[in-house]
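Work out the full structure, taking the sequences as your base and the hints as a guide.
Protein chains: 2
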Amino acid sequence: MKYKACEIISVGTELLLGDIINTDAAFLARELAALGIPCYYQSVVGDNPARLRTTLETALSRSDLIVLTGGLGPTADDLTKETAAAVMGKTLVLHEPSYARIRDILTKRNFPETENQKKQAMLPADAVVFDNDYGTAPGFAMTAQTENGEKTMILLPGPPRELEPLFSERVRPYLAAQSETMFCSVNIGMYGIGEAAVGHILRDYMEHGQNPTVAPYCGEGEVRLRLTARGNTEEACRQLCLQLAEEIRGVSCEPYKPGTMNDYIFGIDCDSLQEALVGLLRRKHLTVSAAESCTGGYVAKRITDIPGASEVLSGAYVTYSEETKQAMVGVQAETLRDHSVYSAEVAAEMARGCRASVGADIGIGITGVAGTEDAVVTQNGVSVTVPAGTVYIACADAGNVTVEKLQLPPGRRAPSEAREYVRRRASSHALFMALRMAEKL
Amino acid sequence: MKYKACEIISVGTELLLGDIINTDAAFLARELAALGIPCYYQSVVGDNPARLRTTLETALSRSDLIVLTGGLGPTADDLTKETAAAVMGKTLVLHEPSYARIRDILTKRNFPETENQKKQAMLPADAVVFDNDYGTAPGFAMTAQTENGEKTMILLPGPPRELEPLFSERVRPYLAAQSETMFCSVNIGMYGIGEAAVGHILRDYMEHGQNPTVAPYCGEGEVRLRLTARGNTEEACRQLCLQLAEEIRGVSCEPYKPGTMNDYIFGIDCDSLQEALVGLLRRKHLTVSAAESCTGGYVAKRITDIPGASEVLSGAYVTYSEETKQAMVGVQAETLRDHSVYSAEVAAEMARGCRASVGADIGIGITGVAGTEDAVVTQNGVSVTVPAGTVYIACADAGNVTVEKLQLPPGRRAPSEAREYVRRRASSHALFMALRMAEKL
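Going line by line, the protein sequences match chains R and X.
All letters in the first sequence, in the order written, are residues 540 to 980 by the numbering used here.
All letters in the second sequence, in the order written, are residues 540 to 980 by the numbering used here.
You can trust all of the hints, since none of them are fake.
If chains are identical, the list can't say which one is meant, so a pair holds when it fits in one copy or spans any two.
Straight-line C-alpha distance at most 20 Å; calculated SDA-like pairs for lysine to any residue:
(1) Lys-658 <-> Arg-742
(2) Lys-629 <-> Arg-592
(3) Lys-647 <-> Ala-735
(4) Lys-647 <-> Asp-913
(5) Lys-658 <-> His-739
Hints in this document: simulated from the structure, not taken from any laboratory.
Okay, here's the thing in structure tokens:
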């Protein structure tokens, strides 16, 4: 790639006040990384010419590509373009095609024409213009020779619904045309192992891996491992990543965890556990149902997040009380009495019950204590305290039921976060158990 | 306020790669603005000591308060603390209380103790330590005299679920104590009105409101209006906000929307529609059930997000196929045949059916087309195309059923986002309809 160092500058007082979240910077960072353009800094500065000027001067001293968003509006406080052009030693002239395009948009919207619109069409004479099909302000690139070498600035509108398609359709091809090297990433999705353990187990790959590089990202109980390769073709990069992914499957997790990495991998280039599960069930023509207590519909919601879920799920239950556990999925009163509602036996009956009722291949049953307060239940007439974070998860097929007990540490979280954590982890665990069961069917 | 200029620096290569969105910066910017601390710059830099050092030096030259997040982890590439301390001329020493706290956490998690943990407990001797109840890395503030005057740096952990409560519980009071003026905010939650309309309707309050100030924040179909007052006591500030909130309830929404603002308000200082609904149902000793098709458990999941949901929901259904709509909640075959599965009539039968089956006061029925592809259904033997984003939502009490049809524009969203948008909006609309129905019972 022609560019050795890039940075992203977002202009807007609303960002400095925290009124909006800077999704533009994340979008651009992802896109630039995918193009193989190394990006070392992001900055946010308000609609203030003096502060923007010093920010631009600092950027020019250390980067050769600067991507700016925001401040291209028609009003007097939008000064990004004027300031950037001055720093680059460019004069703005009226860009007739953009002016015609803007007048056309305004006519269609029945907006009166003002001098402000002319301001939006003023561009450096030698700019590469990116026509904006999603708003009035055009994007553009300008290049100048400085004492630190050739510098390019790309200015783009701030609203994400303009920026994102404009970048994808016009700026990405402009940048890709300047590169000889391709980059490609493959993501490995894992469940049941923490980021810290993955970091220890794959330490050598992460510290010394050059092509592909290896980096872990964590979520709630899920870890994503990103392999990034560079090469001459996308296919060659992808093959390098997939070869390494196969190698990683065989790596032993001892002494941090039992088994090999393969035991924790739910998918390659698969965004989520639910995507892995729905994909596998569809390929094998299998179906699933669920009876959920503490997760309250979270498992069903996640399964139906995935397009095509109707092929694998026809119905599911939220059985939040003892009565609905009996009425909806046939949990026995004796089981509730003898083992209490928070028990492996009740989870198993819920899994078998929803499976039978809906006629699914796999049934999931979940019962437990979300939140931060311990629950007190009656078991055989005796009061028993069940700690918060105790969850029983059952998976049933035609012949077998597997039940696993989780004891999720709610500890160091705000109560609402602890509740979400327990519910999310329990639903993830259920999806992972169903995936492993479906693999064997 | 003691601080004249503040800036926020986020440290993390995952931000530079666009793997995560910088919600921390927006959170801190909002909090600092609410404290009356002016913030002129935000920066993102990777886990690279040399680049972090120059970023810190630039920040020290122009700001007197610098808030850093990220890079406080236990591994070797987490160097924020070491670099910041060096720039401030501080030596790190073992902070015994933090070390004991970290060892305690690890013991409970059955993690082996390593030198890495000691690294997390190394702090400047004169630091003000913010105990982290939500993770291992402590936050802290350090102050130094420089040639440009007194400078303060505050270092905080990067994960939002640690940063946000830690800031609210420990850092905000620390900063507030350095000010003579108190700030206090009240949030008004609204549904069914867009941020742009709210902006027009409350323009005068937003542009000229001094105390309280008024600012809107938007979510998916939900708008939050934040009123921030300053005064000598928190109670006085809160009263100012609540008085203005009452005034805003009466503001006409014409010509942008029918009615007054009150018609769109679901709660004051209430985080979500589900919190408003569960709270109201509990106060009125009412119960709710749901039969969900395209939302697939999203409504039940959101209701059970709220602690105490078991008082208001005992059971609910995901009826994703025509068969389960009939078997689980008694939708009639004739209704499906005559009106098709995507119809007000089917939604109404789902609402009545789940209400009757569970014995709830209010039943919710939802059927529609999520995602980006139009659906083709058979109605009275004729093929009918139903556009993506068409959703029928019914709410039933003992005597009445109300059905509303949404036609949600997928807009220029990626398919997975369009699906989530339709499902989230439909679930929000159902919660809002149930809230309005419960108000009348």
